[in-house]
Amino acid sequence: FADLVLETWDLQCERNGREHRTMEMGCQQLVVRRGQPFTITLRFSGRGYEEGVDKLAFNVETGPCPIETSGTKSHFAVTDFPEESGWSAVVQQQDGDSLSISLCSPPNACIGRYSLTLETSTGYQGTSCHIGNFVLLFNTWHPEDTVFLQVEDERCEYVLSQQGLIYQGTCDYITSVPWNFGQFEDDILSICLKLLDTNPKFLRDQNEDCSHRNDPVYIGRVMSAMINCNDEDLGVLAGRWDNHYEDGTSPMAWIGSVDILKRWKKFGCQPVKYGQCWVFAAVACTVMRCLGIPSRVVTNYSSAHDTNGNLVIDRYLNETGDLQHSKEKIWNFHCWIESWMARPDLAPGYDGWQVLDPTPQEKSEGVFCCGPAPVRAIKEGDLQLKYDIPFVFAEVNADMVYWVVKHDGSQKKSTQSSLVGKNISTKSVGRDSREDITHNYKYPEGSEKEREVFAKAEHVRTSLREDDEGLHLKIKLSEGANNGCDFNVFAAISNTTDTERVCRLMLCARTASYNGTVGPQCGMKDLLNVTLAPQAEKTVPLCILYEKYRESLTQDNLIKVVALLTEYQTGDVIVAMRDVYIQNPEIKIRVLGEPMQKRKLVAEISLVNPLTDPLNNCVFVVEGAGLTDGQQIKELEEPVQPQTEVKFRLDFVPHQAGLRKLMVDFESDKLMGVKGYRNVIIAPQPK
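Final position of the sequence shown in my numbering is 687; the numbers increase by one with none missing.
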């Protein structure tokens, strides 16, 4: 027999991409999921393959120093049946000199970029030929993969969906912003692999790092550290919370991860300025989904940052309601991600959703990262398990205690405390609505189970049960508070005793940031003589004027209202707080024309300036995975006058079919981070 000579080959990128649900990553490279067969075609010249005469074998290698014992290299011959525990190659069909072969990796293979080499031998003669590279991803569809999810709708939402909603605002007024995850957009996969190859563990020991890339727990921990740049580690994003973003992009201006990841690569792995918690979380979500690990962004309202680990956040105010600066804070909301994976490194019972938090807050094993922390362990108070469970447990369970510092220096504890960890939220599967997942993190407040968990966590809860008898204080809002308008807040006081009470009521409003820091005062009332009849209620209004908050309102659009009620007879003090979200105007989006793949569409985008001042330096940014080719930017040449509508049209050609989100962000000198989106169903191109 003459030697078997390989003439051409075809990695069948399109067919394999369809079967492995990686089509949207493009057909330029082969991208497959582990544990699932993929087909390649070999064509020989002169003669075809003869079973029993010719021997065929493959080599696959990943990483700079592939070693068989590390799981980064494998040599396997073509056989009759697939190999269960390792890589395998099986002849599928032969047609003359053309041969189809089905290759398959084990479901616990290392993910990453592989090279593929074919070895042919006839008798003693052998040759080898490099036939290409491919990328191997985690496979949530494979029952033996550690990221296996059972429900198809969830796999579509948490791995395949390129757009979503992130929840913000306050626990009393939950808002959502659209986000373009864009994990299948051009170049994003190669950027995610580059992130793995720039992480400090890889730079320290390449073989060791690559050999752990079969484990989503390891990948999640690495990525949680690499999304922030706090360890001098070439991380993606620099965080900033002081409202000075002139030398970068304001965290409120982003509407997607694609631009951030591309900037990181383009500027030589320099951190992109700037991110805050939802930006860190959203970029992490993009990276994890891109690599095939089911992930979602989660928002925790009234989130505690407990620096000393005692599960109590002490806040000190003076008698006029001014909060003193403190390292321990309650954030209006805080975002992290959950990723779905098995935890074979722990005792049974902790598989499933794991918290990963890339926002740099505290160090874990010497690095700014957090997780993966099993959500189940947080709920059960199992604080000793890996990783970082005490920190997340405190975020959702700490107590908030207010102390009023009198002018003589003495301190009085408020008789009313408040809870943290409320309305924990994520986007619903397949719908643009909010799913409340608080019950995954904690048992019902005051329940027997909650008491057991706190006992296990050695957490003695401050008395949060208010006496039914006594004075009660709440801050209420009558209607929505719109940017550019005055609005009222009310202190609602009730006396549930049978005796008359005489009090001093102090009301104070300040502009605030979502991480708990406060700015200048924008409203104040001090009533020295509030008399409450037995079993009576009273409401006291405080008008907050636009002219008072317009200069100091931060891009978070928040005003913190503090009420202090001091009873003269007992000296008891009650503190109540509420964060009021100032609503931005709505961006209106109309899509004109019949939405079809590869056919031009027009979007009409408009917004009304609600302020009494003109808006200068106005910019609209439009993007949407599968819809626009990257970001479309529209800069307005003229200022937008008060109470005036601005409207423009934008052309785009959708390149992917299906349900898509067209997302818009508006920035100007006085109105920032205004978001809007429109769902568009794109019909497939007729064959």
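Possibly wrong hints are sitting among the right ones.
Quick list of the computed label-pair ranges, beta carbon to beta carbon [said to hold, decoys possible]: (1) Asp197 x Ile633: 16 to 22 Å; (2) Pro143 x Glu68: 24 to 30 Å; (3) Gln597 x Gln94: 34 to 40 Å; (4) Cys543 x Asp408: 19 to 25 Å; (5) Ala657 x Lys456: 46 to 52 Å; (6) Glu362 x Glu84: 42 to 48 Å; (7) Gln92 x Asp247: 54 to 60 Å; (8) Thr8 x Asp187: 36 to 42 Å; (9) Thr496 x Arg590: 49 to 55 Å; (10) Thr644 x Cys543: 22 to 28 Å.
List time: in silico DSBU-like cross-link candidates among lysine-lysine, alpha-carbon distance up to 30 Å [said to hold, decoys possible]: (11) Lys476 x Lys456; (12) Lys422 x Lys201; (13) Lys422 x Lys474; (14) Lys474 x Lys266; (15) Lys363 x Lys422; (16) Lys273 x Lys201; (17) Lys327 x Lys363.
Treat the hints as calculated values from the structure; they're not laboratory data. Don't be surprised by glycine CBs; every beta carbon is placed ideally from N, CA and C.
Now the hints, each set against the structure:
1. Asp197 x Ile633: 16 to 22 Å: Taking Cβ atoms as reference, Asp197 and Ile633 lie about 31 Å apart, which means the hint is violated.
2. Pro143 x Glu68: 24 to 30 Å: Taking Cβ atoms as reference, Pro143 and Glu68 lie about 26 Å apart, which means the hint holds.
3. Gln597 x Gln94: 34 to 40 Å: Check passed, 37 Å falls within 34 to 40 Å.
4. Cys543 x Asp408: 19 to 25 Å: violated, 32 Å
5. Ala657 x Lys456: 46 to 52 Å: holds, 51 Å
6. Glu362 x Glu84: 42 to 48 Å: holds, 43 Å
7. Gln92 x Asp247: 54 to 60 Å: For Asp247 against Gln92, whose Cβ atoms are near 57 Å apart, the range 54 to 60 Å holds.
8. Thr8 x Asp187: 36 to 42 Å: Violated - the Cβ-Cβ distance for Thr8 and Asp187, about 28 Å, lies outside 36 to 42 Å.
9. Thr496 x Arg590: 49 to 55 Å: About 53 Å separates the Cβ atoms of Thr496 and Arg590, which means 49 to 55 Å holds.
10. Thr644 x Cys543: 22 to 28 Å: holds, 27 Å
11. Lys476 x Lys456: violated, 37 Å
12. Lys422 x Lys201: Cα-Cα ~36 Å, so violated.
13. Lys422 x Lys474: holds, 17 Å
14. Lys474 x Lys266: Since the Cα atoms of Lys474 and Lys266 sit roughly 51 Å apart, the hinted pair is violated (cutoff 30 Å).
15. Lys363 x Lys422: holds, 25 Å
16. Lys273 x Lys201: holds, 24 Å
17. Lys327 x Lys363: Distance ~15 Å between Lys327 and Lys363 Cα, so the pair holds.
Taken one by one, the earlier hints fail for this structure at numbers 1, 4, 8, 11, 12, 14, listed in ascending order.
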